[in-house]
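Hey, can you work out the whole structure from these sequences and the hints?
If you read the sequences in order, they're chains A and B.
Under our numbering, the first residue of the first sequence is numbered 217, with each subsequent residue one higher.
Under our numbering, the first residue of the second sequence is numbered 217, with each subsequent residue one higher.
Hints are computed from structural coordinates only; laboratory data are not their basis.
Worth double-checking, as some hints may not be accurate.
Because identical chains cannot be distinguished in the list, a pair is counted as satisfied if it fits within a single copy or across any two copies.
Restricting the straight-line Cα-Cα distance to at most 25 Å, the calculated cross-link-like pairs of lysine to any residue (SDA-like) are [stated by the list, open to error]:
1. 534 x 431
2. 424 x 307
3. 683 x 645
4. 682 x 586
5. 545 x 403
6. 545 x 289
7. 294 x 468
8. 707 x 691
9. 682 x 461
10. 270 x 683
11. 716 x 691
12. 716 x 703
13. 716 x 680
14. 385 x 337
15. 385 x 645
16. 652 x 437
17. 683 x 464
18. 716 x 701
19. 716 x 702
Number of protein chains: 2
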Amino acid sequence: MALNYISAKEAAALINHNDNVGFSGFTHAGCPKVVPKELAKRAEEEHSKGNPFKIGIFTGASSGDSLDGSLARANAVKFRTPYQTNKDMRNAINNLDHDPIVYFDIHLSQLAQEIRYGFLGGVDIAVVEACEVTESGEIVPTSGVGITPTICRLAKIVIVELNSRVPKKLRGIHDIYELQDPPKRRHINIFEVQSRIGLEYVKVDTQKIFVVETDAENEGGHFTPVDEITSKIGENVANMFVSEMKKGDIPPTFLPIQSGVGNIANAVLGAMGNNKNIPRFEVYTEVIQDAVLDMMRQGNISFTSGCSLTLSNEAMDKFYLDLDFFKNKLVLRPSEISNNPEIVRRLGIIGINTAIEADIFGNINSTHVMGTNMMNGIGGSGDFTRSAYLSVFVTPSTAKGGMISAIVPKVTHEDHSEHSVKILVTEYGVADLRGKGPYARAEEIIEKCAHPDYRPLLHEYVSLTKKGHTPQNLYACFAFHQAFLETGDMKNADLRRYLK
Amino acid sequence: MALNYISAKEAAALINHNDNVGFSGFTHAGCPKVVPKELAKRAEEEHSKGNPFKIGIFTGASSGDSLDGSLARANAVKFRTPYQTNKDMRNAINNLDHDPIVYFDIHLSQLAQEIRYGFLGGVDIAVVEACEVTESGEIVPTSGVGITPTICRLAKIVIVELNSRVPKKLRGIHDIYELQDPPKRRHINIFEVQSRIGLEYVKVDTQKIFVVETDAENEGGHFTPVDEITSKIGENVANMFVSEMKKGDIPPTFLPIQSGVGNIANAVLGAMGNNKNIPRFEVYTEVIQDAVLDMMRQGNISFTSGCSLTLSNEAMDKFYLDLDFFKNKLVLRPSEISNNPEIVRRLGIIGINTAIEADIFGNINSTHVMGTNMMNGIGGSGDFTRSAYLSVFVTPSTAKGGMISAIVPKVTHEDHSEHSVKILVTEYGVADLRGKGPYARAEEIIEKCAHPDYRPLLHEYVSLTKKGHTPQNLYACFAFHQAFLETGDMKNADLRRYLK
Numbered sequence: 217m218a219l220n221y222i223s224a225k226e227a228a229a230l231i232n233h234n235d236n237v238g239f240s241g242f243t244h245a246g247c248p249k250v251v252p253k254e255l256a257k258r259a260e261e262e263h264s265k266g267n268p269f270k271i272g273i274f275t276g277a278s279s280g281d282s283l284d285g286s287l288a289r290a291n292a293v294k295f296r297t298p299y300q301t302n303k304d305m306r307n308a309i310n311n312l313d314h315d316p317i318v319y320f321d322i323h324l325s326q327l328a329q330e331i332r333y334g335f336l337g338g339v340d341i342a343v344v345e346a347c348e349v350t351e352s353g354e355i356v357p358t359s360g361v362g363i364t365p366t367i368c369r370l371a372k373i374v375i376v377e378l379n380s381r382v383p384k385k386l387r388g389i390h391d392i393y394e395l396q397d398p399p400k401r402r403h404i405n406i407f408e409v410q411s412r413i414g415l416e417y418v419k420v421d422t423q424k425i426f427v428v429e430t431d432a433e434n435e436g437g438h439f440t441p442v443d444e445i446t447s448k449i450g451e452n453v454a455n456m457f458v459s460e461m462k463k464g465d466i467p468p469t470f471l472p473i474q475s476g477v478g479n480i481a482n483a484v485l486g487a488m489g490n491n492k493n494i495p496r497f498e499v500y501t502e503v504i505q506d507a508v509l510d511m512m513r514q515g516n517i518s519f520t521s522g523c524s525l526t527l528s529n530e531a532m533d534k535f536y537l538d539l540d541f542f543k544n545k546l547v548l549r550p551s552e553i554s555n556n557p558e559i560v561r562r563l564g565i566i567g568i569n570t571a572i573e574a575d576i577f578g579n580i581n582s583t584h585v586m587g588t589n590m591m592n593g594i595g596g597s598g599d600f601t602r603s604a605y606l607s608v609f610v611t612p613s614t615a616k617g618g619m620i621s622a623i624v625p626k627v628t629h630e631d632h633s634e635h636s637v638k639i640l641v642t643e644y645g646v647a648d649l650r651g652k653g654p655y656a657r658a659e660e661i662i663e664k665c666a667h668p669d670y671r672p673l674l675h676e677y678v679s680l681t682k683k684g685h686t687p688q689n690l691y692a693c694f695a696f697h698q699a700f701l702e703t704g705d706m707k708n709a710d711l712r713r714y715l716k
Numbered sequence: 217m218a219l220n221y222i223s224a225k226e227a228a229a230l231i232n233h234n235d236n237v238g239f240s241g242f243t244h245a246g247c248p249k250v251v252p253k254e255l256a257k258r259a260e261e262e263h264s265k266g267n268p269f270k271i272g273i274f275t276g277a278s279s280g281d282s283l284d285g286s287l288a289r290a291n292a293v294k295f296r297t298p299y300q301t302n303k304d305m306r307n308a309i310n311n312l313d314h315d316p317i318v319y320f321d322i323h324l325s326q327l328a329q330e331i332r333y334g335f336l337g338g339v340d341i342a343v344v345e346a347c348e349v350t351e352s353g354e355i356v357p358t359s360g361v362g363i364t365p366t367i368c369r370l371a372k373i374v375i376v377e378l379n380s381r382v383p384k385k386l387r388g389i390h391d392i393y394e395l396q397d398p399p400k401r402r403h404i405n406i407f408e409v410q411s412r413i414g415l416e417y418v419k420v421d422t423q424k425i426f427v428v429e430t431d432a433e434n435e436g437g438h439f440t441p442v443d444e445i446t447s448k449i450g451e452n453v454a455n456m457f458v459s460e461m462k463k464g465d466i467p468p469t470f471l472p473i474q475s476g477v478g479n480i481a482n483a484v485l486g487a488m489g490n491n492k493n494i495p496r497f498e499v500y501t502e503v504i505q506d507a508v509l510d511m512m513r514q515g516n517i518s519f520t521s522g523c524s525l526t527l528s529n530e531a532m533d534k535f536y537l538d539l540d541f542f543k544n545k546l547v548l549r550p551s552e553i554s555n556n557p558e559i560v561r562r563l564g565i566i567g568i569n570t571a572i573e574a575d576i577f578g579n580i581n582s583t584h585v586m587g588t589n590m591m592n593g594i595g596g597s598g599d600f601t602r603s604a605y606l607s608v609f610v611t612p613s614t615a616k617g618g619m620i621s622a623i624v625p626k627v628t629h630e631d632h633s634e635h636s637v638k639i640l641v642t643e644y645g646v647a648d649l650r651g652k653g654p655y656a657r658a659e660e661i662i663e664k665c666a667h668p669d670y671r672p673l674l675h676e677y678v679s680l681t682k683k684g685h686t687p688q689n690l691y692a693c694f695a696f697h698q699a700f701l702e703t704g705d706m707k708n709a710d711l712r713r714y715l716k
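So this is what it looks like as structure tokens:
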């Protein structure tokens, strides 16, 4: 059957106020661009006529500015899940009085199934970027997958942004597989990082497909080089791995690595590549960044499985040129599979994620600045941390030029509990929390990870705590944050101010 | 080869100061009794001679008084993991100044693998209760499994308490299977609650077995009946399930139930059995309590998989008499399997666990009283909650005659984050957190779950928060707990006392 080609504006007209819209992609990678921009225009037009126009946005993770940015600026969002990094979206989520955008923060691996279970309302429309769409309804995604298989199956209408800038020969790099729901669910047939269990495309009834042609550019921006602190964190992680191998706690074949998003993740991978005592390894992760591709070219990484190629525009262009090299060494999966705890635990993945702050017991805040303002969301950190062979959190010991300590008496929002966190690393060192009780954890974290400027204050806090299994003082535990809110510097913390 | 029979005293003499000792069982069920008591005596003798004598204790979960109680009272413990409920053990963990007993609180499903990975030091000796041990080295556990397969394989010496009070025909009720470690791990071949994948016994080299004969009684004590509040909580859970089935969010075949330990769990199951709109269902859980067996007899539950028969002594005796009825309807597995997140997510288990306190955003404290004193440990609540189809937490809205509110502005210790908690239930009602942002969560939890006496205070707290995605006030968030510590009643909370 011939496909139905329409303009982006016509596509936007298919979407109604109050619709739940599922978008392809994971980070900016693989997200549609022209339809969401047209949709933002449409919302503004409707608003100018006095008509309401807001949609629910479901994605794999964060998205590009054309999507989250345009729609947030157009005040066209009623609901957003599961993750976001766009400045305007973030401001809308944080700044108004009463849930102006309801943001629902959920583990990325769980979103597709919770949509299927009916827990979050239906998905009415899917908007997905593709590098190919066939007359038999095969849709080949671009550089990110996310929840694409689920939203394409469930939506009544599937709008495909067919992007001519992405080479059709990307076909074959994806492994598209959707799980059955309980009670019919089977195991996921992945036993190696490179296992393939699905199709090269998402298959949809052609009648519900509308194609919008585009050549919009990747929204990856430029690569930020590592700095002194992040590279020291990377070295500390790499040295810790070497010592774990010597002890026999990591097997000599090594184990697959998951590494979070951003600069520190790039630095950690870089340091692992530079360390001659770490053998060639595999990556089973959600986001594949520039550093991974470089290390694959250099032979440090033998195979990579992920959900998206979250690359700078330069790296993306280079990747397309080297597609023949990468095609049998890399696979892109839906987030439900890339982040699945079953696989994480089976493969024995070593998970490395970034903390906003950690407390002296190893509880981690991954989401909230000063306990109130949402940064990005929990993302996949929980999917990996909770089931990892070894879960590692990394963070610079301070932020804001030393005025914020990343190591605090108590985290202001907790996303990962001490029960799931094994190793904490800053530029100062490595705290190993395995088998340690709370006092020993506090000592280890303060002495190995905290910035020296904050160590006396942290020790003083411990000395002021009420004794028990976990030493705490409910009058002083947020003195660091109070000092920052009042004076702009946690070093002014007055631990005794409210003491009884 | 003939087995080596020794006395309990001789067995205790095989254990040295500083040894790590692994014990069979899960809760009091299946724990050895006479050897730990002799070991406590031995420790006291050594201490009286001025010799040090302390061991590390590894179990499946909590244990009986002969084990945790005797050894804690004898001051014979240097390290304890992963869970405990004994008064003397708890006091030792909480009362002294500097980790006198290092207690390491870990998800129960992870203990066996972390022992194998080498993260917690080796296990030198295993002490396991059995109802049968053969000359070929087959050890048949009694009413609880826990980490038995792993400690028996790793330990140099396996002391078997052969308990003649437990009928040998229990053989066949266990399904003993130990996972391979990464990178060789395969999937767990369980696709139905009743799947069997292992052996009826733990097999060990006979040369390392020493048998101690005993007829020690089960340490189950008596059954506590449900009261008005717990039975109302049970009804609220059962009615919520019926409404979820009507909406189609729970399939008409229902899904397997996990239900935590204690009185509320018994009440929830009881209410489910009394509700005619809930079909016959299956149980995939860790601890099988009295209520489950009664419901199996009545036909409300068709099959039960668990790690232990944690029964009152009356129910245990009755169970042995009815063994022919139960044998093809019940299986006991190692904790690594009974609590495995891979299975929990695959089978779509509905997890019901008890909270000590919940905050207005749905974060849960399962372990610490007033943030400092350890109650029991996280147990299996994290194994189930994190991967459940639907995770439910239950708690009475108040404790200590109304002077403690279980719903607070912020939990003093967080074991389960808002990301993993879907439903919260008290005797007042059901808060559904799915798809809701923090403001809506707070409204839902305060209005549906909090005790009416505390609702105005909780609303006042929200009104005093700093706006942002998650409304919080770091000066007032522990005012409830401060009021309790100072006056013995949370209702005296002065939310404005420290406000800036």
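Name the hints, by number, that the structure is in violation of.
2, 3, 6, 7, 9, 14, 15, 16 and 17
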